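**Q** Whenever a hint applies, use it, and build me the whole structure from the sequences.
There are 2 protein chains.
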Amino acid sequence: MTIMRLSKQEIRDALKNGKITVCVVGLGRVGLPTAVAFAKAGAQVIGADINKNVVELIKSGGCHLRDEAGLEELVENVVKNGRLRATVNISDAVREADVLVVCVPTPVDENKVPDYSDVKVACHDISKTLKKGCLVIIESTVGPGTVEDLVVPSLEKGTGMKAGTDFGVASCPERADPGKMLQHLNVVPRIVGGINEKSTAVAAELYETALGTKVVRVSSPKTANAVKLTENLFRDVNIALANEFAILYEKLGIDVIEVINACATKYNFIPHYPGPGVGGPCLPQNPYYLIVEGVKVGNIPYLVRFAREINDRMPEHVVMLVTEALNDVGKTVRGSKIAILGVAYKPNVHDVQLTPVKKIYEHLKKMGASVTIYDPMFEGEEVFGIRSARNLSESIEKADCIVIGTAHKEFHHLDLALISQMSNMPAALVDARHVVAPSKARDHGFAFRGVGRRHTIGPK
Amino acid sequence: MTIMRLSKQEIRDALKNGKITVCVVGLGRVGLPTAVAFAKAGAQVIGADINKNVVELIKSGGCHLRDEAGLEELVENVVKNGRLRATVNISDAVREADVLVVCVPTPVDENKVPDYSDVKVACHDISKTLKKGCLVIIESTVGPGTVEDLVVPSLEKGTGMKAGTDFGVASCPERADPGKMLQHLNVVPRIVGGINEKSTAVAAELYETALGTKVVRVSSPKTANAVKLTENLFRDVNIALANEFAILYEKLGIDVIEVINACATKYNFIPHYPGPGVGGPCLPQNPYYLIVEGVKVGNIPYLVRFAREINDRMPEHVVMLVTEALNDVGKTVRGSKIAILGVAYKPNVHDVQLTPVKKIYEHLKKMGASVTIYDPMFEGEEVFGIRSARNLSESIEKADCIVIGTAHKEFHHLDLALISQMSNMPAALVDARHVVAPSKARDHGFAFRGVGRRHTIGPK
Chain C
570 MTIMRLSKQE
580 IRDALKNGKI
590 TVCVVGLGRV
600 GLPTAVAFAK
610 AGAQVIGADI
620 NKNVVELIKS
630 GGCHLRDEAG
640 LEELVENVVK
650 NGRLRATVNI
660 SDAVREADVL
670 VVCVPTPVDE
680 NKVPDYSDVK
690 VACHDISKTL
700 KKGCLVIIES
710 TVGPGTVEDL
720 VVPSLEKGTG
730 MKAGTDFGVA
740 SCPERADPGK
750 MLQHLNVVPR
760 IVGGINEKST
770 AVAAELYETA
780 LGTKVVRVSS
790 PKTANAVKLT
800 ENLFRDVNIA
810 LANEFAILYE
820 KLGIDVIEVI
830 NACATKYNFI
840 PHYPGPGVGG
850 PCLPQNPYYL
860 IVEGVKVGNI
870 PYLVRFAREI
880 NDRMPEHVVM
890 LVTEALNDVG
900 KTVRGSKIAI
910 LGVAYKPNVH
920 DVQLTPVKKI
930 YEHLKKMGAS
940 VTIYDPMFEG
950 EEVFGIRSAR
960 NLSESIEKAD
970 CIVIGTAHKE
980 FHHLDLALIS
990 QMSNMPAALV
1000 DARHVVAPSK
1010 ARDHGFAFRG
1020 VGRRHTIGPK
Chain F
570 MTIMRLSKQE
580 IRDALKNGKI
590 TVCVVGLGRV
600 GLPTAVAFAK
610 AGAQVIGADI
620 NKNVVELIKS
630 GGCHLRDEAG
640 LEELVENVVK
650 NGRLRATVNI
660 SDAVREADVL
670 VVCVPTPVDE
680 NKVPDYSDVK
690 VACHDISKTL
700 KKGCLVIIES
710 TVGPGTVEDL
720 VVPSLEKGTG
730 MKAGTDFGVA
740 SCPERADPGK
750 MLQHLNVVPR
760 IVGGINEKST
770 AVAAELYETA
780 LGTKVVRVSS
790 PKTANAVKLT
800 ENLFRDVNIA
810 LANEFAILYE
820 KLGIDVIEVI
830 NACATKYNFI
840 PHYPGPGVGG
850 PCLPQNPYYL
860 IVEGVKVGNI
870 PYLVRFAREI
880 NDRMPEHVVM
890 LVTEALNDVG
900 KTVRGSKIAI
910 LGVAYKPNVH
920 DVQLTPVKKI
930 YEHLKKMGAS
940 VTIYDPMFEG
950 EEVFGIRSAR
960 NLSESIEKAD
970 CIVIGTAHKE
980 FHHLDLALIS
990 QMSNMPAALV
1000 DARHVVAPSK
1010 ARDHGFAFRG
1020 VGRRHTIGPK
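Taken in sequence, the protein lines are chains C and F. One rule links them: number in our numbering = place in the first sequence (from 1) + 569. One rule links them: number in our numbering = place in the second sequence (from 1) + 569.
Keep in mind the hints are simulated off the structure, nothing from the lab. Here the structure is a predicted model, which means the values were calculated and not measured. Hints may be right or wrong, so weigh each one.
As the list makes no split between identical chains, a pair holds if one copy fits it or if it spans any two.
Here are the simulated SDA-like pairs of lysine to any residue, each with C-alpha atoms no more than 20 angstroms apart in a straight line [claimed, not checked]:
hint : residue 1 : residue 2
1    : Lys-701   : Glu-725
2    : Lys-749   : Thr-834
3    : Lys-577   : His-1024
4    : Lys-820   : Val-866
5    : Lys-577   : Arg-804
6    : Lys-865   : His-1024
**A** Pasting the structure below:
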C-alpha cells in the first residue's frame, strides 16, 4: 500500500481497517503515547527504540513512563491485541511501514547548540529500507529549516529517491504537555506542514482521523517548526518577565504574586508566575533551536536569548534567598541542614530533566550545607546522586532551612506547625513556588523568603 | 460630609442621593469619561482642567473626544441635568469636593524620564483647599512608590494635615482602552490600593457602586501601580517579541502572521502581532515608570528596557521595507510619491499620540520622498504639520508606494485593483499592519513587503 497515493476517504478507511502500518521511531514521552494513539485508532504500529530495556518492557505490555495517567493500561491493551509491537531493529520496522513518525530527542549540548544527531541517525536508519510511496513525519522539535536542509537531503541520499515525488515528508511537532500527553493528544490542535501539498494533506488526514484533533495546515515544515518554537518561547520569555518583575518587586517591597493575580483580572493578560527557573525537555532548550538559525542569518533573537539567561540565573537567586533567610536566624549555609522539598521540574511529574532544583542543590552542597531531598514522585529513589527521603518527615527532621522547589499538590497545604516542631528552630523557609503564604510562615516562626515576595519584614 | 467616616451602606446611599461631590482633576481621555460615569451614578461632579477651551466646550454640553462612542451624548445629558460642572478653578472645586480623582497626564520626557509635574501641580492645588475627611484618588499612571513618596508628602505639606488620619489617599489606576473607555469603565475590574485600610475600603466602595465593576483590593498604592505597569509591560514585551520574531522570520522565509495564527490554537498562547512600533498614551511610556524605580534600587528591568527598544526601532524597519520594495520596481525613495494610509496609533481612534507612523513619515521625508497622508479618522485635518488627504483617492493618486500604517477597518478590504489603476505603476505596497494578503498584492502587480511577511519572492 502506498499511502501517498490514497485519497482522504481511502486513508480513513485504511486506518480503520488496520491496513496502515505506522512505525514510531523513539518511544519516549512523546513517541509512546503517540504509538498508542495510532494503535487505538486502528493502525498497525511498530515502536522502534534503541533502548533495549524500554523495548523489552513494552513487549511485555509494560510502560516506563509513570506519570502519564492511563498510559500503562493502554499500552497493555494494544500490545495484547497485537496493535503495538516494539523492536530495536528500526530498519526491519521501516520495511513494513507506510508511515514513519520520528519522535527522537533533540537536546542542546553544553554550548547550547542543538544536537540533532538522533534525528540524523533516525533518518539514516529510515533511508536504508524506506519504501516508495511512504510518508515520513517529524514530530521531534527542530529549528525552522532543519527538515528542509537536514532531513530531506539525508533521506534522499540514503534512499536514492526524490522527496515529494517518491515519498512524502511533513513536520507535525508534538504539542502536548508532559504529564497530560494522552489528554492533550486528543484535544490540542496539531500543526502540519509538508514539503508539498500532498505531504501536508496526507499527514493532516492521518492525524485528524487517528487523534480526532483539529489540524492546522501550514505552508512548510519550517513554518510548522516555527509555530512550535514561537509558542514555547512565548512561555519562556513570559516566565522570564515574571522573574524579572519578581526580583525587582522584592527590592521595591511589592509582592509579585499579589500583582500577577490582580493583573489576571484584565481581559488581555495571561498570568505567568516566577519561580526557581525553568526545566523540562522543552522550554530550557527550545530557544536555542531558533537562536542557532538566527546566528546563521545574522539576526540573533536577543530578547529570547536574554529571557533564557534570566531564567537560567534564577537558581542563584534562590540560593541567595536561602543565605539571607538563614542569616536572619544567625546561621550560615555551611553546616546547616537544608531540606529541599520537590525536585521535579514541574508539579506532579516523575521527571527531573533540566530541573532548576538541581542547580540549587549543587550550589548549596558546594557552600557546605548538608542537603536532603524529598519529592513525592521520587520517594526513596536516587536523585542527583543521593537517595531521596522516603517521606517528608525523614527529610525535614532537624532541618535549619526548608526550600520548596516544586509546587507538587502535596506541598500546597503543608502543616507548618508540624514542620516547625520537627525543624531545628529558629529555622528558615524559602518558597520558590509561592505555595506557602508568607504571613503564615512567619506566624510559625520561620525566617521566610520567597521568590518575588516582599521581604522587608524580617523574621517574627 | 466627611466621606472617610461613612460606612459602606452610607457611601452607597449618599452616592445615590446626590450627597457626594466628586472633583475630577484633568478632563482628558480618562478624566472626562470618569467624570461622566460618577455623574451618571448620582454624584455631583466638578471637572477641573487647566485647558480653558476644553472647560468651555464641556460647559456648553460639548465634548472634545471624538472617538469614544456615546460619550458626547452622555456629557450633554449630565451637563444639562446639572450633575457635571466644569471649571478651570481647581481650588474652588476642591473646596466643594468630598472625593478628588486625579486623572492628569504623566508623560516621559525626551530622556525617557517620567515627568510627574502635572501630578505635583494637581497635589499642590488640591492641598490648598482640601477639607478634612476627604479622599484623594490617583488614577494617573505612576511608578510604584510615587503615591507614597510624592503625592502623600505633597498633600501633607500643603494641608498641614496627616494623611490616613485627616484624609484618605488611594491609587486606582485607570485600566480602560482608549476608544472603548465607556464600555471598559463598567466591565474591567478596578485595582484599588490605599495608604491604609480605610482609604482602600472607601475608594473600593465608591468605584464598585459608581461604576458597577468588580474591585480588587490590594495592599498598597505601590502594589496597585505595579499592577497597572505589569499588565501594560506584559503587552509591550509581547509585542516586542512578535516584532523580534517578525524580523527574524522575514529572513528565514517564514510568514510570521501564519505562525502566530497557528500558535493561537494552543490553550496557553495569547497572540500579539508585529507592526510598525507601538504608540498611544500608555505602552511607549509605561516601561520608563518602572525602569526609573529600578534604577533607584540598582535593578534595572533590562528585558522590559530591551523590549521597548525593539518596538522603538520598528519604524526604521518599515522604512527599510519601503526602500527595498521601491528598489524592486527600480525606484528610489528620493523623488517617489509615497502615500501613507493610517497615522493613528491604533485602529479606529482619533489619536496620534506617540504614533510610530510619525517616525516613518519623517524618515521618508528626510530621504527625499513626497509623502501624502490619508487617515479616515483625520480626513483633511492637519497631521504632522501637513494637511492630510480628504479621501483615499486624493492620497494615492500617482503614488509610487503605498504604506499601511494603521489597521483601520476601512483598510481591511482595500480595492487593490482600483489602487493599482490610480498608482504610478510599477509601484510598491508596504503593509506594516497585515491587512493585505501578500499574494493578492503581488497578483495586482505590486512589489510587496510586509512586517514579518516572507519576501524572498520578488514582485510579480
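**Q** Now look at each hint and say whether the structure bears it out.
**A** Going down the list of hints, with the structure as the test:
In the homo-oligomer, the alpha carbons of Lys-701 and Glu-725 lie at most 20 angstroms apart inside one protomer (11 angstroms), although the nearest pairing across protomers, at 84 angstroms, exceeds that limit. For a Cα distance limit of 20 angstroms, the shortest separation of Lys-749 from Thr-834 across copies, 17 angstroms, qualifies, whereas the shortest one inside one copy, 27 angstroms, does not. In this assembly of identical chains, Lys-577 and His-1024 lie within 20 angstroms of each other by CA distance neither inside one copy nor across copies; the values are 61 angstroms within and 33 angstroms between. For the homomeric pair Lys-820 and Val-866, the shortest alpha-carbon distance between copies (7 angstroms) is at most 20 angstroms, but the shortest distance inside one copy (39 angstroms) is not.
When the C-alpha separation of Lys-577 and Arg-804 is checked against a cutoff of 20 angstroms, the pair qualifies neither within a copy, at 35 angstroms, nor between copies, at 42 angstroms. Taking identical chains as interchangeable, the C-alpha atoms of Lys-865 and His-1024 lie at most 20 angstroms apart only when they sit on different chains, with a minimum of 18 angstroms there against 45 angstroms within one chain.
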